[in-house]
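At position 64 of the sequence shown (counting the first as 1) the number is 63 in numbering that gives the first Met the number 0, and the numbers step up by one without a gap.
Note that these hints are calculated values from the structure, not bench results.
Hints are supplied without guarantee of correctness; some may be wrong.
Said to hold, decoys possible - Computed list of lysine to aspartate or glutamate pairs in EDC-like fashion (alpha-carbon distance at most 16 Å, straight line):
(1) LYS71 / GLU57
(2) LYS17 / ASP76
(3) LYS61 / ASP101
(4) LYS61 / ASP76
(5) LYS39 / GLU62
(6) LYS98 / GLU62
(7) LYS60 / ASP76
(8) LYS98 / ASP76
(9) LYS60 / ASP101
(10) LYS33 / ASP76
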Amino acid sequence: MCIGKRFSESKSFVSRYKRGSIEWFLALSIHAIKSRSFKKTSEIFRGSYTTVIRGFDELSKKEINQVTALPKVIAIDEYKGDTQAGKYQLIIVNGKTRKLIDILPNRRKK
Numbered sequence: 000m001c002i003g004k005r006f007s008e009s010k011s012f013v014s015r016y017k018r019g020s021i022e023w024f025l026a027l028s029i030h031a032i033k034s035r036s037f038k039k040t041s042e043i044f045r046g047s048y049t050t051v052i053r054g055f056d057e058l059s060k061k062e063i064n065q066v067t068a069l070p071k072v073i074a075i076d077e078y079k080g081d082t083q084a085g086k087y088q089l090i091i092v093n094g095k096t097r098k099l100i101d102i103l104p105n106r107r108k109k
C-alpha cells in the first residue's frame, strides 16, 4: 500500500504538464490562428486566455524563419494588439512580395 506517494503515467494522447489532449491543443491552436481574437477562441474551447496564447505561440514558432538580410523595399506599420510589451506592435513586411518579415512586440526605437 502506497500512502502519500505520487506517481505519474505517460499517456500518448496528453503532453506532459498539460490537461487537454494533444488533438484539443492542436485544434485550439489552429482556431487561434484563424480567429479574430484569442478571447473568442478561449470562449469556444472553454479554455483560458493564456492557454490560447501558448497554443498560438507553439504552433507559430514552426512557421517563423530567420531573416538574414532585408529586401530593398520594406513596409512598416503599427497595429493595436495590447500585449505586456505595449499597446501597439510593429509589423515589417517585404514591400514587393508582401511577405511578413517580422512582428516586433512594441513600436519603440530600441
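Hint check:
Restraint check for LYS71 and GLU57: the C-alpha separation of about 31 Å exceeds 16 Å, so the hint is violated. Distance hint between LYS17 and ASP76 is unfulfilled; the C-alpha atoms sit about 36 Å from each other, more than 16 Å. Taking the CA atoms of LYS61 and ASP101, the gap is near 14 Å; set against the 16 Å cutoff, the hint holds. Between LYS61 and ASP76 the alpha-carbon distance is near 24 Å, which puts this suggested pair outside the 16 Å criterion.
Our distance criterion of 16 Å between C-alpha atoms is broken by LYS39 and GLU62, whose separation comes to about 23 Å. Taking the CA atoms of LYS98 and GLU62, the gap is about 13 Å. The hint holds against a cut of 16 Å. The straight-line distance between the Cα atoms of LYS60 and ASP76 is roughly 22 Å, outside the 16 Å bound, and the hint therefore fails. With a C-alpha separation of about 13 Å, the suggested pairing of LYS98 with ASP76 holds against the 16 Å cut-off.
Straight-line distance between C-alpha atoms of LYS60 and ASP101 comes to about 12 Å, which keeps the hinted pair within the 16 Å bound. Only pairs whose Cα atoms come within 16 Å are accepted, and LYS33 paired with ASP76 is rejected, the gap being roughly 21 Å.
Violated hints, in rising order: 1, 2, 4, 5, 7 and 10; the structure is consistent with all others.
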